[in-house]
Amino acid sequence: MRPAPFESNGHLLVSVPAPRPSIFAIFSVFFRIGLFSFGGGLTGWVYREVVVVREWLSEDEFMSGLAMSQILPGTNISNLSIYIGQKLRGVLGAGAAIVGLLSGPFFAVIAVASAYGALKTLTFTEAAMDGVAAAAIGMLLVIIHRGARRTTRNPAAFAALVATFVCVGLLHWSLPLVTAGVGSLSVLAAWFRRPSNAG
Amino acid sequence: MRDDLPVALLAVFVPFSLVSIGGGTSILAGVQHQAVGVHHWITTREFVELFAISRAAPGPGSMLATLIGWHIFGWTGALIATLALFVPSSLLCYGVALVWNRHRGKRWHTALENGLAPVGIGLVMAGVITVLRVGGGGLFSWIVALGSAGVLTWRPKIHPLLIFLIGGAVFVGVRALSGVHAVI
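Protein chains in written order, with our numbering: chain A, 1 to 199; chain B, 1001 to 1184.
Source of the hints: derived by calculation from the structure; they are not laboratory data. Each hint should be verified, as a subset may be incorrect.
[Said to hold, decoys possible] Below are the EDC-like pairs computed for lysine to aspartate or glutamate, each with C-alpha atoms no more than 16 Å apart in a straight line:
# : chain 1 : residue 1 : chain 2 : residue 2
1 : B       : 1157      : A       : 49
2 : B       : 1106      : A       : 55
3 : B       : 1157      : A       : 60
[As the list claims (entries may be wrong)] Quick look at which bits of chain A chain B covers, simulated, 3 or more residues with Cβ under 8 Å:
# : region
4 : 22–31
5 : 60–74
6 : 95–109
7 : 141–150
[Said to hold, decoys possible] Pairwise CB distance ranges, derived in the manner of DEER restraints:
#  : chain 1 : residue 1 : chain 2 : residue 2 : range
8  : A       : 184       : B       : 1018      : 32 to 42 Å
9  : A       : 149       : B       : 1099      : 39 to 49 Å
10 : A       : 162       : B       : 1153      : 38 to 48 Å
11 : B       : 1105      : A       : 53        : 43 to 53 Å
12 : A       : 188       : B       : 1018      : 18 to 28 Å
13 : B       : 1044      : A       : 184       : 19 to 29 Å
14 : A       : 188       : B       : 1004      : 45 to 55 Å
15 : B       : 1104      : A       : 162       : 46 to 56 Å
16 : A       : 192       : B       : 1039      : 43 to 53 Å
17 : B       : 1169      : A       : 188       : 44 to 54 Å
18 : A       : 52        : B       : 1173      : 27 to 37 Å
19 : B       : 1099      : A       : 125       : 39 to 49 Å
The structure displayed is predicted, hence computed values, not measured ones. All C-beta atoms in this analysis are idealised placements derived from N, C-alpha and C, irrespective of residue type, glycine included.
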């Protein structure tokens, strides 16, 4: 188990800032994520690049940004990119992240559409795509594993995770309603919890 | 008639940008209704094809909007539809992120952060279940997904494209051996 780069007690977090990446570095990371993210699982890719490989964000910062990006309207991944870009370099960082993320796929999706007729006739295109998609889901499982392990420290957080998963994933209840309901209960529980979560 | 298309694209996709809570899939039915039923930009069959392409190409599934714009109005349409879908939600998210990152360390911020994180993970889990259920791979999707997660946990810095390649190869191999062709 790797220790988190910062203790999550707020004060240390402010006083030990990670080196700020350049605007171009932000752009190029998100450009690559956008272009190579076949089969979905973009969130997993962002986690890998930004938290695991580059350590631009702590795991706490990533997880809360992930929750926010899912609750706000818009594509999760574009919101997450804006959140990370803003955190790293303000408005320019957010712009670099979102433009980087979308400019590759913008052309790629049109290129694939143009080639679609030819691709359709290849026997195993569909199988290959399914396989890539399944492998991409593995990246999401990594986040789930990390995130779920954190919640086991705390019964209320664990209950919120299970409730969200069951209501949305298994019972197919309305996502905004479930998020609002479970989310507010979970935040309330966190409010009354002891403020220190370091450990 | 065609001069009105850019305006119509904006009128359709800007509202969708601000109601797409939970990601692009939540507006799929609504987009189909507008593009096929209301505006007759594309047929149902074309919609299904564009949807498949948006899943096969890299990038978020919401690039479906780009494709619809491109299909009916070329590069201009693609650009307008993309901007219409992504700019409004991005501006909102930027505002929230700005406030959020400014108040780091306050008690309400910590409560929100700790309270929302498990909900976020629960939503990712729900998304994974949905994708694995509707995907065409069945049991092998689970095996490849778990295998890929195992490798990524074991060697976090391994390049994902390598794993994607293996995943694709496993599926092609299995389909070739079993002689079953993809039905979708």
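With a cut-off of 16 Å on the C-alpha distance, tell me whether residue 1157(B) and residue 60(A) pass. Cα-Cα ~20 Å, so violated.
Run the distance test for residue 1106(B) versus residue 55(A): straight-line Cα separation, threshold 16 Å. violated, 23 Å
Do the beta carbons of residue 184(A) and residue 1018(B) sit within 32 to 42 Å of each other? Given range 32 to 42 Å: violated, Cβ gap about 21 Å.
Has the hinted range 43 to 53 Å been met by the Cβ atoms of residue 1105(B) and residue 53(A)? violated, 26 Å
CB-CB spacing for residue 1018(B) and residue 188(A) relative to the 18 to 28 Å hint: Between residue 188(A) and residue 1018(B), where Cβ atoms are some 27 Å apart, the hint holds.
39 to 49 Å was suggested as the range; check whether the CB atoms of residue 1099(B) and residue 125(A) agree with it. holds, 45 Å
When you take the CB atoms of residue 1104(B) and residue 162(A), is the distance between them in 46 to 56 Å? Given range 46 to 56 Å: violated, Cβ gap about 28 Å.
Is 44 to 54 Å respected by the C-beta to C-beta distance linking residue 1169(B) and residue 188(A)? Cβ of residue 1169(B) to Cβ of residue 188(A): about 48 Å, so the range 44 to 54 Å holds.
Honestly, do residue 1044(B) and residue 184(A) meet the 19 to 29 Å range at C-beta? The hint (19 to 29 Å, Cβ to Cβ) is violated, given that residue 1044(B) and residue 184(A) are roughly 39 Å apart.
Does the Cβ pair residue 162(A), residue 1153(B) satisfy 38 to 48 Å? Since the Cβ atoms of residue 162(A) and residue 1153(B) sit about 22 Å apart, the hinted range of 38 to 48 Å is violated.
Verify the CB-CB distance for residue 192(A) and residue 1039(B) against the hinted window 43 to 53 Å. holds, 50 Å
Outcome of range test on Cβ distance (residue 188(A), residue 1004(B); 45 to 55 Å): holds, 49 Å
Of the numbered hints given earlier, the model fails hints 2, 3, 4, 8, 9, 10, 11, 13 and 15; all others are met.
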